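Participant: The primary structure of each chain is shown beneath.
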Amino acid sequence: MRADALKGGFADAPVDAAHGFRAAMNAMARPGYIETLRGAVPPAPVSVAAGSLLLTLCDPETPLYLAGAHDCQDMRDWVAFHIGAPVVARQEALFVLGAWDAVLPLEGYALGTSEYPDQSATLIVEMDALGGGGAILRGPGIKDTATLSLPDDISLFQRNATLFPLGLDFFFTAGDQVAALPRTTKVTHEEVV
Amino acid sequence: MSDYNFAYLDEQTKRMIRRAILKGLAIPGYQVPFASREMPMPYGWGTGGVQVSAATLTPDDTLKVIDQGADDTTNAVSIRKFFERTANVGTTEETSKASVIQTRHRIPEEDLREDQILVYQVPIPEPLRFLEPSEVETRKMHSLEEYGLMHVKLYEDIAQHGAIATSYAYPVKVEGRYVMDPSPIPKFDNPKMEMAAIQLFGAGREQRIYALPPYTQVVSLDFEDYPFEASKAEHACDLCAAEDSYLDEVIMDDAGGRMFVCSDTDYCASRRKAGHVGAQGTNLEEDAA
Ligand SMILES: [Zn+2]
Numbered sequence: 000m001r002a003d004a005l006k007g008g009f010a011d012a013p014v015d016a017a018h019g020f021r022a023a024m025n026a027m028a029r030p031g032y033i034e035t036l037r038g039a040v041p042p043a044p045v046s047v048a049a050g051s052l053l054l055t056l057c058d059p060e061t062p063l064y065l066a067g068a069h070d071c072q073d074m075r076d077w078v079a080f081h082i083g084a085p086v087v088a089r090q091e092a093l094f095v096l097g098a099w100d101a102v103l104p105l106e107g108y109a110l111g112t113s114e115y116p117d118q119s120a121t122l123i124v125e126m127d128a129l130g131g132g133g134a135i136l137r138g139p140g141i142k143d144t145a146t147l148s149l150p151d152d153i154s155l156f157q158r159n160a161t162l163f164p165l166g167l168d169f170f171f172t173a174g175d176q177v178a179a180l181p182r183t184t185k186v187t188h189e190e191v192v
Numbered sequence: 000m001s002d003y004n005f006a007y008l009d010e011q012t013k014r015m016i017r018r019a020i021l022k023g024l025a026i027p028g029y030q031v032p033f034a035s036r037e038m039p040m041p042y043g044w045g046t047g048g049v050q051v052s053a054a055t056l057t058p059d060d061t062l063k064v065i066d067q068g069a070d071d072t073t074n075a076v077s078i079r080k081f082f083e084r085t086a087n088v089g090t091t092e093e094t095s096k097a098s099v100i101q102t103r104h105r106i107p108e109e110d111l112r113e114d115q116i117l118v119y120q121v122p123i124p125e126p127l128r129f130l131e132p133s134e135v136e137t138r139k140m141h142s143l144e145e146y147g148l149m150h151v152k153l154y155e156d157i158a159q160h161g162a163i164a165t166s167y168a169y170p171v172k173v174e175g176r177y178v179m180d181p182s183p184i185p186k187f188d189n190p191k192m193e194m195a196a197i198q199l200f201g202a203g204r205e206q207r208i209y210a211l212p213p214y215t216q217v218v219s220l221d222f223e224d225y226p227f228e229a230s231k232a233e234h235a236c237d238l239c240a241a242e243d244s245y246l247d248e249v250i251m252d253d254a255g256g257r258m259f260v261c262s263d264t265d266y267c268a269s270r271r272k273a274g275h276v277g278a279q280g281t282n283l284e285e286d287a288a
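These protein sequence lines map, in sequence, to chains D and Z. Take 0 as the starting number for the first sequence in numbering that gives the first Met the number 0 and just add one per residue. Take 0 as the starting number for the second sequence in numbering that gives the first Met the number 0 and just add one per residue.
If you are wondering where the hints come from, they were derived from the structure by calculation, not from laboratory data. None of the values given here were measured: they were computed from a predicted structure. Some hints here could point you the wrong way.
Claimed, not checked - Here are the computed lysine-lysine pairs in the DSSO-like style, where the Cα-Cα straight-line distance is at most 27 Å:
no.	chain 1	residue 1	chain 2	residue 2
1	D	Lys185	Z	Lys172
2	D	Lys142	D	Lys185
3	Z	Lys139	Z	Lys80
4	Z	Lys96	Z	Lys152
5	D	Lys142	Z	Lys80
6	Z	Lys172	Z	Lys139
7	Z	Lys152	Z	Lys172
8	Z	Lys96	Z	Lys191
9	Z	Lys172	D	Lys142
10	D	Lys185	Z	Lys191
11	Z	Lys191	Z	Lys172
12	Z	Lys96	Z	Lys272
13	Z	Lys231	Z	Lys172
14	Z	Lys80	Z	Lys96
15	D	Lys142	Z	Lys96
Generate the whole structure from the sequences, applying the supplied hints.
Facilitator: Right, here's the structure in full:
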């Protein structure tokens, strides 16, 4: 393990995690809202927001799948030291971290069961940038409509929503920003008249 | 401060509760199991709500705690003090100044905003429990959307009493899917649950967390020929003259004197401060003089 792995955790874990959770909760409760999430300094290529989410939500009880370039030795060391989550294969994961292309396909992640739909994976998808515009969102947490710059193939999110109450929940991260898309959100391209 | 974990609970417990809250928000109305911890207060004092608040609060928050609408009961005061001490939060009795409101049995009269969070203390989270004692069975019923028995029970009420007799903890259906217990709020409060704030529900003894994101559809169960009514006493508040608030009937003396007053003490006080005077009220400025 390199000495770098010992760095980059929360400076004041209880307070940083409390702020981290509020950002994560506000994002998940209001799809399309973009929140700021700081505190962690994870190794490249992991964003500050994604690292802070992991520190806030993950621990030895949450199997984690690192997809693509996010599965590097530096990150494995950082996870081992700061989080203690077992790094596992995709189908065993409760949390998934990676770029969109790397986390695909969405098949194979835990969707929960009809009696325990909460036993489903949460995907943290790293983006180049987050912004409004793009896809149109409707559903719980949204007054009328919201927008979010989702990955292009929104049919994957539409399909995920049809599985309700089962399904995957998504965080999108870029730099120190985070947004979310729970399984309840209906995603379209065009304004429905 | 350093004698305590921040907000009393250890970090691993808060992470577990936080994960449950996020899944609750992603599946509105569904009861997420969580491993409830012992709190330094007895069950019945809102240990579920306290654990949800503990996982939610940051030192920047301003906390309000109400018990049946009142800020000054022993229960509300002790929970407020607990978080002042362990989470270093500011506290308030004014609904509009609070960022987090923990409540037992009421929703504040004043509309809540997008930047507020309402945390409910829940004694029995399972709306089907009085029909079916087995957790295995009720979980199956939720998974199959088997809610017929609930409608039968409500309809029996109508047959017996001519109306649905349930006046507290009146069951709701969330986004057309999960039937949910709104906690023992009066049914007068049910329509307020479609609100701008985040709503979180914690049941300590029963170890369940559930949640409603803002603007989630919440429909009180009813029948076409017997539509839901958010009823209250046919009265105005005797102190502040409010006609739109939920009222408690208060016995004044042995001679049977009584008055109706707002159950939401902050709402009543702010109206009186603004100069509203009810039938048995006095002008606040005269009181002070
Ligand atoms: Zn009043």
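Participant: Does Lys172(Z) lie within 27 Å of Lys185(D) when you go C-alpha to C-alpha?
Facilitator: Holds. Lys185(D) to Lys172(Z) sits at ~19 Å (cutoff 27 Å).
Participant: Assess, step by step, whether the Cα of Lys231(Z) is no farther than 27 Å from the Cα of Lys172(Z), and give holds or violated.
Facilitator: holds (22 Å)
Participant: Would you check the hint for Lys96(Z) and Lys152(Z), treating anything up to 27 Å between C-alpha atoms as holding?
Facilitator: Violated. Lys96(Z) to Lys152(Z) sits at ~41 Å, over the 27 Å cutoff.
Participant: Between the alpha carbons of Lys142(D) and Lys80(Z), is the straight-line distance 27 Å or under?
Facilitator: Cα-Cα ~35 Å, so violated.
Participant: When you check the alpha-carbon spacing of Lys139(Z) and Lys80(Z), does it fall within 27 Å?
Facilitator: violated (40 Å)
Participant: Keeping to a limit of 27 Å between CA atoms, is the pair of Lys152(Z) and Lys172(Z) held or broken?
Facilitator: holds (15 Å)
Participant: Run the distance test for Lys172(Z) versus Lys139(Z): straight-line Cα separation, threshold 27 Å.
Facilitator: Roughly 17 Å between the alpha carbons, so the hint for Lys172(Z) and Lys139(Z) holds.
Participant: Check the hint pairing Lys96(Z) with Lys191(Z) against an upper bound of 27 Å on the C-alpha distance.
Facilitator: holds (19 Å)
Participant: With a cut-off of 27 Å on the C-alpha distance, tell me whether Lys172(Z) and Lys142(D) pass.
Facilitator: The hint holds at about 19 Å.
Participant: Holds or violated: Lys142(D) and Lys185(D), Cα atoms, limit 27 Å.
Facilitator: holds (13 Å)
Participant: Does Lys191(Z) lie within 27 Å of Lys185(D) when you go C-alpha to C-alpha?
Facilitator: holds (24 Å)
Participant: Has the given pair, Lys80(Z) with Lys96(Z), been kept, meaning a C-alpha gap of at most 27 Å?
Facilitator: Distance of about 17 Å is within 27 Å: holds.
Checked against the numbered hints given earlier, this structure breaks hints 3, 4 and 5; the rest are met.
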